[in-house]
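Trainee: Those protein sequences? They're chains A and B, same order as listed. Heads up: the first sequence runs through residues 1 to 301, numbered per the numbering used here. Heads up: the second sequence runs through residues 1 to 301, numbered per the numbering used here.
Please note: incorrect hints may appear among the correct ones.
So the derived label-pair ranges between C-beta atoms look like this [said to hold, decoys possible]:
1. B:53 to A:234: 47 to 57 Å
2. B:250 to A:103: 23 to 33 Å
3. B:31 to A:38: 38 to 48 Å
4. B:113 to A:251: 20 to 30 Å
Hints listed in this document are in silico derivations from the structure and should not be mistaken for laboratory results. Built from N, CA and C at the ideal position, the CB exists for glycine as well.
2 protein chains.
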Amino acid sequence: MASGKKSQKDFSAQLENKVRLVNKVIGRILSKPGLIGSELKESVRYSLEGPGKRIRSAMVLWCCELIAGRANHDAGIAAAAIEMVHTYSLIHDDLPAIDDDDYRRGRLTSHRKFDEATAILTGDALLTLAFELLAKEIEKPQIAMRLINELAEAAGPAGMVAGQMADLKAASRRTDENMLRRIHTNKTAKMFRCAAAMGGICGGANERQLKCLREYGIKVGLGFQIADDILDVSASSVQLGKTSGKDARQGKATYPAIVGLDKSKKLAKKLADEAVAALKPFGKKSDTLRRLVTMLLNRTK
Amino acid sequence: MASGKKSQKDFSAQLENKVRLVNKVIGRILSKPGLIGSELKESVRYSLEGPGKRIRSAMVLWCCELIAGRANHDAGIAAAAIEMVHTYSLIHDDLPAIDDDDYRRGRLTSHRKFDEATAILTGDALLTLAFELLAKEIEKPQIAMRLINELAEAAGPAGMVAGQMADLKAASRRTDENMLRRIHTNKTAKMFRCAAAMGGICGGANERQLKCLREYGIKVGLGFQIADDILDVSASSVQLGKTSGKDARQGKATYPAIVGLDKSKKLAKKLADEAVAALKPFGKKSDTLRRLVTMLLNRTK
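Isolated chain A, as found in the complex (with noise of 0.2 Å):
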């Protein structure tokens, strides 16, 4: 219990490790000159400077960390570009015609805080500004092509943006389970494959790895979107830092809709473990990402 204890809180503190080097990242971005308008500057900082999870960029950079012993220059980068698309996509999804949110990580929301047009085209400038990064700073060329293909199939029209649609036009009484899997996976999970992979490709992973990391990426995707649909029925606004119980009064579909939450409950406790088997092959290297996934699965707000 106590060694549990202790290894809880050695995660906590590898966590805010990684976010300060995103954020350092992230802060080295945006005050280069000439990459971000005057206009847009402080929509941009805004919301990408707003108190988030950091998740997916924590992972890459422990992906690339278990490869290749250390969180590299490129690493970095990836971290930044793939916290920019995020960052888009929830602002793009929290607009009035799309999820209709005024709160977001505790703070109002883009188009709350500036207007409509500010938030769709901040949400566009971000997501163009994660390419323009890896062209940019990747050193290898080869290595900024496979990054970029990575991010822009699991964001693009295949991946989260085909979820959104599918999402949206998405009854929980007209969804079944199979149906309701397929948009997690495009939705969510294929961001955190591409995450993993991310840090793969980072670290110069060979193929037989890279196949494991992205299988415990798409695994802890799924396991963190039922988390997530549970959490909007359970937990409060406050702890949210958004609105809870929206899903439901949208008529959303979501794990606990569709399969009841002791279902939701088992599914996710299911991926969690089938994630972590993923992670067999790299042994005790791969501690931190286990504890991932227990937090990311146990989490409350």
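Assemble chain B onto chain A, guided by the hints.
Mentor: Chain B in isolation, oriented as in the chain A frame:
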């Protein structure tokens, strides 16, 4: 006079030829299995296959041809990518929160044909797809990187998006000619410069050639935007395929509003001359790019 008419006819045939080529590449991409989720196929197709003028993509192809003697595979991909980014920008600009337009290219805008959420996500999908395409289909990573960098710089937070943001904030009475030129440079001209540069890069242009092409692109782009402002006050909605006289009603900062119609026409002519002058080192081989200037600045729709 007869030879003028003939060369005009030649030019139109050559433009049609390039439009066909771009449309063919776009058609091939749209029908690739797995690249675009089923949820987005219809809306992506609707906007991307609309009757666009394909000026930017034709410029990519012609600039490659100028350098390499023919429009190669890479130029076709770059042309399709820039067309996707241009199309995304139109979809988002037309949204109610931004320019609030019901018609574009003579047809309903995306949010009027479908709905706002679909229009936002379709734009996001097209922007991401452009980078995915360049990462996947350009043969040499070194070339792909340069193209992605050019496109992201032109379209991103120090380019088109910044221009659009500044444009929204600028009311005609508070904007001077310098500020207007900065807006037009970001909003429009950088994408033309990008088209010319991408074509040059695909064709293997050296630095000196690239510099001329960039100069050509930026001058054409600025002239094109002034001509567009002039058309908005002088042409009918039927001619334009979009609502005319809208800039003035929205109090937008345009050249006619700020320097008057006569001076606007003179400025457009001056920019056209400068664009043509930038082509001088290429001699007769650049005739088509010269004619493109004339066509763009004399257009009536």
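Trainee: Hint by hint, which ones does this structure get wrong, listed from lowest number up?
Mentor: Every hint satisfied by this model.
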